[in-house]
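Visitor: Residue numbers (the numbering used here), protein chains in the order written: chain A, 1 to 307; chain B, 1 to 370.
Hint data in this document are derived by calculation from the structure and do not stem from the laboratory. On a predicted model such as this, the values are computed, not experimentally measured, just so you know. The C-beta atom is built at its ideal place from N, Cα and C for all residues, glycine as well. A couple of the hints might just be wrong.
Here are some, though not all, of the chain A residues that point toward chain B, as calculated from beta-carbon distances under 10 Å [to be verified]:
1. Gln119
2. Asn146
3. Leu262
4. Gly270
Below, a list of computed lysine-lysine pairs in the DSSO-like style, where the Cα atoms sit at most 27 Å apart [claimed, not checked]:
5. B/Lys164 / B/Lys46
6. B/Lys296 / A/Lys115
7. A/Lys144 / B/Lys164
8. B/Lys259 / B/Lys63
9. B/Lys161 / A/Lys144
10. A/Lys115 / B/Lys161
11. A/Lys115 / B/Lys63
12. A/Lys144 / B/Lys84
13. B/Lys84 / A/Lys115
14. B/Lys131 / B/Lys116
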Amino acid sequence: MEPGSAFFMVLMAMIGGAIRVSTPFLFVALGEMITERAGRINLGLEGTLVLGAMSGYATSYQTGSPWLGVLVAGLAGCCMGMLHATICRLPKVNDIAVGIALMLFGTGIAFFFGKPYIQPSAPRLPSIPLGGWSDNPQVVEALKINPLFIIGIALAFFLAWALKNTRAGLILRVTGDSEVAARALGHSVALVRLAATGFGGFLAGIGGAFLSLYYPGSWNEGLSSGQGLMAVALVIFARWHPIRCMLAALLFGAAGALGPALQSIGITQGYYFFNAAPYILTLFLMIGSAGSKKALRDAPGELSLTR
Amino acid sequence: MTFDLLSRRSLLKGTAAGIGAASFGFPGMLRAATNVTIGIVYVGPKDDFGWNQAHAVSIGALKATPGVKIIEEENVPETAAVAKSMESMINLEGANLILATSFGYFNPFMVDVAKKYPKVTLRHAAPLWEKGKHPDNAGSYFGYLDQAHYVNGVAAGLSTKSNKIGFVAAKPISSVLRNINSVLWGARSVNPNATLQVIFTGDWALPVREAEAANALIGAGCDILTCHVDSPKVVIETAERRGIKSLGHNASQASLAPKGFITGAEYKWETIYKIFADAIAKGQPVPNVVFGGYDKDMVRNTAFGAGAEEPARKAAMAAMADLKANKPILKGPVKDNKGNVVLPNASYDNFDRVLDGMNFLAEGVVGSIT
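Let the hints inform the model, and build the full structure from the sequences given.
Guide: Here it is as structure tokens:
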């Protein structure tokens, strides 16, 4: 494969796209995975993502420290998650309906407080240039990696290990699979879910900070075009497993880069179709994976979708 | 979108009087010099560094007019939602002049509302209204931004080293295609080897895909980027970060690219809104169609940035002078990028209606509209 060829360009763009575009999906999907493993669905993560993007950007602008922005975005997301958990704890409350309400609430307050931050430019997160070994500018550009991406990948592996091998992981899984069993073991279902939903919100907030502080790297009201919702779908397609969540996010990011990349090498016919590629891909993967018996076996038993 | 309930209630009381006053006028005319309520609908936020900001800033010309009340609604999608917004402005707020500022608002939404409320004046910011075909109380106003994009192209033609200019476009509609082609024609007028590569994102505001498109164009060798999307912030910032030059669109983005900004195509909506305001103040009908370019001071170019070198500045200034004098910029016959002759004449007036319906990418543009 010779550098400069059309195929090489598309490949590099897709690898670069996977790294650049997938990070918000990765964080939201991992967060939602933890929440759903505790037996609850938080559809409000789209709102959490937007709120995280806004609060992260605002903090970075006010303090000059983008990493502080990431932290504040996470905390704002955590608050949103715990709000979801607290409301859902009330009797006869449907977690999906609360999620939709919180999605609108999150975007609403983010737009409201975000108005003054649309115009100014805030300091952005740095990137680590890992492509120094190559003198091909495309390789160098594709391998400019944000630390959050690396953290996200490491987190996926850590969560996979922790869910299987730690006490906290066991408690989480028990709560998600059977409330009765969790209570019999002496664990508070509400508390576990509060922690799991709060953690999910924390990660979704960080995903939002990545959008506003790194790529595309500015705050405006059209920033998230449904990334939060797509990430929730990715969790189901990844069948609640952290490593599969990571792969799904990477695949989705790469597919998203396909449309612009093909147009840039001159394959310009049918760009609407290529731009829709990530969604078409998700649809087929969902049909292929979620319909199987195995998917049902992997689903947490207390999830309102499966119960 | 939130309305203050109290003011809405008190407005309801005043509405009957407002509509009554307007109904004495002929359709499409505003007779009352006072009590004019203008409803403005934006497709995005008012401070987007782009299209909506350009409108919102210029609305100031109308706000200052005595007897005029302004109602604004942001983030209204190009769906049935805009018809509801306009109807609520008419019925609840008593609006008698509606300014619909996004392309997709016109057909069928604004046309239907115009038919339903013949006593309300509606104006749409794109050259779509045709006498006889569309209701008389509707109309169009538009600045020929392609002229400012042509000036952009002239500056770009003398600034590019790779002879490749990148263009991130939203949708392949006539006004976008005309801006794309104008950048190329401007560039080729000073640099016959210049080419332009376009990537369509598919919608007006998709920040992540715009960033991807900008990166893909830079990867393909473009050393100047410009765009036609609602908020050019992402494209301009991406170009600046990657160390290449950029050309603005819609409003001034000079502050976003202190190193690489050359110049930008900007609307001067305040000229048009002032015409409206003057007509209203005098109690005259608002004209159905208001059009213009450099000749009528309805478009402009952003002041040169650090990316504009002396030859580019000089050539761009000369192009501006030509446009102000209404010298035709388009030399025919023009071929599209598939080799078909699409404009057979040797020369076209800058405001020739044939050019309004532009539906091709000119020879020299890499890209496809389907």
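Visitor: Now tell me, hint by hint, if it's right for this structure.
Guide: To see whether the hints hold, each was checked on the structure:
no., hint, in the structure
1, Gln119, "holds, 6 Å"
2, Asn146, "violated, 13 Å"
3, Leu262, "holds, 9 Å"
4, Gly270, "holds, 7 Å"
5, B/Lys164 / B/Lys46, "violated, 33 Å"
6, B/Lys296 / A/Lys115, "violated, 34 Å"
7, A/Lys144 / B/Lys164, "holds, 24 Å"
8, B/Lys259 / B/Lys63, "violated, 36 Å"
9, B/Lys161 / A/Lys144, "holds, 25 Å"
10, A/Lys115 / B/Lys161, "violated, 39 Å"
11, A/Lys115 / B/Lys63, "holds, 21 Å"
12, A/Lys144 / B/Lys84, "violated, 46 Å"
13, B/Lys84 / A/Lys115, "holds, 25 Å"
14, B/Lys131 / B/Lys116, "holds, 18 Å"
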